[in-house]
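Colleague: Listed here are the chains, written in short residue letters.
Number of protein chains: 2
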Amino acid sequence: MAADDVVGVAHSLLLKATGLGDDADHMHVVSICLFVSLLCACIVLGHLLEENRWMNESITALLLGLCTGAIVLVSSKGQSSHVLKFDEELFFIYLLPPIIFNAGFQVKKKEFFRNFIAIMLFGVIGVFISFGVISTGSWYLFPKFGLPDLSIRDILAIGVIFSATDSVCTLQVLNQDETPLLYSLVFGEGVVNDATSVVLFRAVQTYNFGNFTPLEGFQIAGSFLYLFFASCFLGIASGLISAYIIKTMYFGRHSTDREIAIMLLMAYLSYILAELFYLSGILSVFFCGIIMSHYTWHNVTRNSRTTTKHSFATMSFIAETFIFLYVGMDALDLDKWKQSQSSFKESAALFGSLLGLILLGRAAFVFPLSALSNYSTKSPGAKINIRQMVIIWWAGLMRGAVSIALAFNQFTEGGDTKSSNQATLMVTTISIVLFSTIVFGTATKPLISWLLPPKYRSNLDAVGISPNVSLDPDFSIPLLMDTERDENGVIERTGIRRILNGLPHPQSISMLLTAERSKIHHIWRRFDDAYMRPVFGGRGYVRLLSRRSMSMNIPEEDEALENEVNN
Amino acid sequence: MAADDVVGVAHSLLLKATGLGDDADHMHVVSICLFVSLLCACIVLGHLLEENRWMNESITALLLGLCTGAIVLVSSKGQSSHVLKFDEELFFIYLLPPIIFNAGFQVKKKEFFRNFIAIMLFGVIGVFISFGVISTGSWYLFPKFGLPDLSIRDILAIGVIFSATDSVCTLQVLNQDETPLLYSLVFGEGVVNDATSVVLFRAVQTYNFGNFTPLEGFQIAGSFLYLFFASCFLGIASGLISAYIIKTMYFGRHSTDREIAIMLLMAYLSYILAELFYLSGILSVFFCGIIMSHYTWHNVTRNSRTTTKHSFATMSFIAETFIFLYVGMDALDLDKWKQSQSSFKESAALFGSLLGLILLGRAAFVFPLSALSNYSTKSPGAKINIRQMVIIWWAGLMRGAVSIALAFNQFTEGGDTKSSNQATLMVTTISIVLFSTIVFGTATKPLISWLLPPKYRSNLDAVGISPNVSLDPDFSIPLLMDTERDENGVIERTGIRRILNGLPHPQSISMLLTAERSKIHHIWRRFDDAYMRPVFGGRGYVRLLSRRSMSMNIPEEDEALENEVNN
Numbered sequence: 001m002a003a004d005d006v007v008g009v010a011h012s013l014l015l016k017a018t019g020l021g022d023d024a025d026h027m028h029v030v031s032i033c034l035f036v037s038l039l040c041a042c043i044v045l046g047h048l049l050e051e052n053r054w055m056n057e058s059i060t061a062l063l064l065g066l067c068t069g070a071i072v073l074v075s076s077k078g079q080s081s082h083v084l085k086f087d088e089e090l091f092f093i094y095l096l097p098p099i100i101f102n103a104g105f106q107v108k109k110k111e112f113f114r115n116f117i118a119i120m121l122f123g124v125i126g127v128f129i130s131f132g133v134i135s136t137g138s139w140y141l142f143p144k145f146g147l148p149d150l151s152i153r154d155i156l157a158i159g160v161i162f163s164a165t166d167s168v169c170t171l172q173v174l175n176q177d178e179t180p181l182l183y184s185l186v187f188g189e190g191v192v193n194d195a196t197s198v199v200l201f202r203a204v205q206t207y208n209f210g211n212f213t214p215l216e217g218f219q220i221a222g223s224f225l226y227l228f229f230a231s232c233f234l235g236i237a238s239g240l241i242s243a244y245i246i247k248t249m250y251f252g253r254h255s256t257d258r259e260i261a262i263m264l265l266m267a268y269l270s271y272i273l274a275e276l277f278y279l280s281g282i283l284s285v286f287f288c289g290i291i292m293s294h295y296t297w298h299n300v301t302r303n304s305r306t307t308t309k310h311s312f313a314t315m316s317f318i319a320e321t322f323i324f325l326y327v328g329m330d331a332l333d334l335d336k337w338k339q340s341q342s343s344f345k346e347s348a349a350l351f352g353s354l355l356g357l358i359l360l361g362r363a364a365f366v367f368p369l370s371a372l373s374n375y376s377t378k379s380p381g382a383k384i385n386i387r388q389m390v391i392i393w394w395a396g397l398m399r400g401a402v403s404i405a406l407a408f409n410q411f412t413e414g415g416d417t418k419s420s421n422q423a424t425l426m427v428t429t430i431s432i433v434l435f436s437t438i439v440f441g442t443a444t445k446p447l448i449s450w451l452l453p454p455k456y457r458s459n460l461d462a463v464g465i466s467p468n469v470s471l472d473p474d475f476s477i478p479l480l481m482d483t484e485r486d487e488n489g490v491i492e493r494t495g496i497r498r499i500l501n502g503l504p505h506p507q508s509i510s511m512l513l514t515a516e517r518s519k520i521h522h523i524w525r526r527f528d529d530a531y532m533r534p535v536f537g538g539r540g541y542v543r544l545l546s547r548r549s550m551s552m553n554i555p556e557e558d559e560a561l562e563n564e565v566n567n
Numbered sequence: 001m002a003a004d005d006v007v008g009v010a011h012s013l014l015l016k017a018t019g020l021g022d023d024a025d026h027m028h029v030v031s032i033c034l035f036v037s038l039l040c041a042c043i044v045l046g047h048l049l050e051e052n053r054w055m056n057e058s059i060t061a062l063l064l065g066l067c068t069g070a071i072v073l074v075s076s077k078g079q080s081s082h083v084l085k086f087d088e089e090l091f092f093i094y095l096l097p098p099i100i101f102n103a104g105f106q107v108k109k110k111e112f113f114r115n116f117i118a119i120m121l122f123g124v125i126g127v128f129i130s131f132g133v134i135s136t137g138s139w140y141l142f143p144k145f146g147l148p149d150l151s152i153r154d155i156l157a158i159g160v161i162f163s164a165t166d167s168v169c170t171l172q173v174l175n176q177d178e179t180p181l182l183y184s185l186v187f188g189e190g191v192v193n194d195a196t197s198v199v200l201f202r203a204v205q206t207y208n209f210g211n212f213t214p215l216e217g218f219q220i221a222g223s224f225l226y227l228f229f230a231s232c233f234l235g236i237a238s239g240l241i242s243a244y245i246i247k248t249m250y251f252g253r254h255s256t257d258r259e260i261a262i263m264l265l266m267a268y269l270s271y272i273l274a275e276l277f278y279l280s281g282i283l284s285v286f287f288c289g290i291i292m293s294h295y296t297w298h299n300v301t302r303n304s305r306t307t308t309k310h311s312f313a314t315m316s317f318i319a320e321t322f323i324f325l326y327v328g329m330d331a332l333d334l335d336k337w338k339q340s341q342s343s344f345k346e347s348a349a350l351f352g353s354l355l356g357l358i359l360l361g362r363a364a365f366v367f368p369l370s371a372l373s374n375y376s377t378k379s380p381g382a383k384i385n386i387r388q389m390v391i392i393w394w395a396g397l398m399r400g401a402v403s404i405a406l407a408f409n410q411f412t413e414g415g416d417t418k419s420s421n422q423a424t425l426m427v428t429t430i431s432i433v434l435f436s437t438i439v440f441g442t443a444t445k446p447l448i449s450w451l452l453p454p455k456y457r458s459n460l461d462a463v464g465i466s467p468n469v470s471l472d473p474d475f476s477i478p479l480l481m482d483t484e485r486d487e488n489g490v491i492e493r494t495g496i497r498r499i500l501n502g503l504p505h506p507q508s509i510s511m512l513l514t515a516e517r518s519k520i521h522h523i524w525r526r527f528d529d530a531y532m533r534p535v536f537g538g539r540g541y542v543r544l545l546s547r548r549s550m551s552m553n554i555p556e557e558d559e560a561l562e563n564e565v566n567n
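Just so you know, the sequences run in chain order A and B. Numbering-wise, UniProt numbering puts 184 at position 184 of the first sequence, and it's gapless, one number per residue. Numbering-wise, UniProt numbering puts 480 at position 480 of the second sequence, and it's gapless, one number per residue.
Simulated from the structure, these hints should not be mistaken for lab results. Just so you know, even glycine gets a beta-carbon here, dropped at the ideal spot from N, CA and C. No false leads were mixed into what you were given.
Where chain B lies over chain A, by a calculated footprint (3+ residues, C-beta under 8 Å):
(1) 28–35
(2) 43–50
(3) 255–267
(4) 270–284
So, partial list: chain B residues that the calculated Cβ filter (under 10 Å) puts toward chain A:
(5) V36
(6) E50
(7) E88
(8) A313
This is chain A alone, in the form it adopts within the complex (with noise of 0.2 Å):
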């Protein structure tokens, strides 16, 4: 693959060297080919790398992005860094839909689930929190370093491109095995939170700030909820259609290909028409997969459960590695920084402030809102101790390609930066991505094992249990229901029964509250299994039918296959 590379750059280099590549389509081929070859390089070595403590798939594709920058740089004599252009489209069309639905189809929906309100307060509050704090800062301490006459537009933009976490990165420095609360927190933090400044950033964008009123405000608050439920509607809605559809054609009959493309083709179209109607496709394609995962995916044959399960994954991987690459690529571009009239002094004063406005705003509600989680919930399953509030803290520090996408938007027309604020703002921005993915994201794993050594992790994090407190019997009960799956059905019935006769025999209160939102999933099984299966098909519910008129042989690791994605 090495070799594959040095003839990609070597040729790319060449026919610009001879003028033989001024043709635009060739160029677009050398692009294709240059990224097509580093995408192969960064596997290889992601893989070599594996066992690194520091590194990961993300870091190794931001410092081959970074070298290919400084290879074509160098061998251009300083004239160019770019192979393609920073493309919004390119980005939020066809390389973010693919991971977020992934994200959906693999989420351990219970964990989810459990921890929403958590996961709600994270993502909405905390995000406008966020916001706050770093608008008013860089309000406050932007014209102080070279940035005198910025909008309060501009501002405003600013709290928002860089209150949006990166939700890619997090994927790939928690481990939703090891850390299931931290990783379903975070995570599901992270897709809400994207969410929110996208919305946000709208408001930004369109509202008239000359004259704002009390009244505005209410209305970007009710906007927000109608895009939230309206978008989550549309993803849902387009899962269940593709369950409904599968379940009464029964595809698989004719062909394996036609049961995989409608899947594919249905939560694509999940995203494209929330974006049509100008919500969040985000939102709406994230629960698409989580209801794709939960009934059309057990109504399809054994072939496309396999094969959708890691296609899935493979297309999130791709275009996750493709993004870091490619911002690593863009980070040297020499317009800009060129563009950019600030001093080195101002810039490194600039830089600073907004990391520090950064760790502030994420201070700011991260601790706040947990001690305001754990003070609600009072169940000690998903109470965060001080440990996981700083994890928290620390991995949603990373700033990635939504907030360089939302940047570009904002400072930049067509892709080019047209004053020197606009350039400095855009610089800043890139580097403040490259620092926090680079150094918060290398120091990501090595915090989480000096916080959380292992021994505490694997039993008491599974079960979402902080550390000091003590397991006694009548606890693990109501927290094994939760786990609870239809193989270890006699647990389940037996705490469900305990409680609905009113014999839950609780030693405090957070026992009732455990207790109260095991009914609610109780509640929701019954349904479930009452109205929703029987129409859109689910879990074992095809499996008996297509055994039954099919006499179709089924082995045993189907089963397995089934609790890997269906927990």
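Knowing the structure of chain A, use the given hints to seat chain B on it.
Modeller: Here is chain B on its own, set in the frame of chain A:
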């Protein structure tokens, strides 16, 4: 799904009507949305029409595209039928590679290589003959039909454009399992034909025909040979590198997704590298597919095997459907129809004469070259009888997206026709593509069942024998040898020992030739086992290794899955 379509179209019209859709970015979202909805509708309709003997997915997609075009046309009051402009890049860079790669990946390798000489005769010499017939005919006839001042280059381009058969549609009308000989001949020809057409088209566009000398003829031949072998080499090298990387690193240990990603990316790299070096990406990715199914595919984990097999097929399926949908929608482009100044009579004459030339041009090489192939092989197994010749002639009459793409390249500038002549030729090309796909396409399945009733097909065509040859026991041994597998190794070894010991008891010279081919196959197998497999892995090799080192449990179905792909 139908509801989604309606919403998509309605919204697009609403946007157009209200002027909200003027925003270029959002128009793009609208068109993606429409296409994704239509793709879903095609899949569902294709499924419902599965049992219909006249229809197939291509024709469904074409008709659906036509209907959508008509709806958009009517509702925009004749203003526009375009949702997306035909984009050569989209076609050649993104849609064609997955189709051809999948064809190589799923092709029955033995069948393909057994008919290699016939395929090359059809795919290379055939194109030149057809090109000659159509060019000469056009040069003689077109001036009479209102196209007096065509340049020699345009005439020759027309010859190439209408010599390119549509391998995509062929895949859908011929069945690999029912008529393997015909499938491998017609499809193999299609792939080679695509490559030949593209090369010939480039030659037509770049050579100076003012002073054409025989030397230049040799140059074209030389550049074709270079192109052919360099492209094959590139494809084979990419495939082998991917096999080597996966075998050496054993990705599956860490992540299935990495294996799938590297296969996907290396396959695409073979295509795009070929394009980078101005070679034939089609040939390159086809051979990469063959190599990957022989080596790489056997080196990956079981889940990756299932996933790649189905996801490559799905990608190809989506790309095919998209192309037909697109061609259908593009057909009603009123601008071109208006710009063409030909009268109805002239247009009809042009259309009719071109159709006649296509029929004639194909007949001019299928029948003589089949006879030549029959004369040269002598073996009854590879002989093509007259009924099969008719089917080969007929199934290759369809003209498809390659013709359209080449015509766009020749007769438009940035997607728009500039003169009446150009518009007339574009309109004629689109009409021919639509007519041939719909009329010839629908008639192929019935034609096959009429000419080759199932009682002949299943046994006789499976071993490639023309129905009038009787099966006597002595014949059956070498024929079984051709279809030999590891499973029935006894027959294989007996047969080969007989031949190697000079005891084949041949009844005729044809037996010796069959033995000859088996010997080549045997030499290849020994070379493969001795030198290739130890380095690049492959069937059985890695499984043995992994069984020993990882003590993995690989069940029986694995074999079944392997057999499906590995013949």
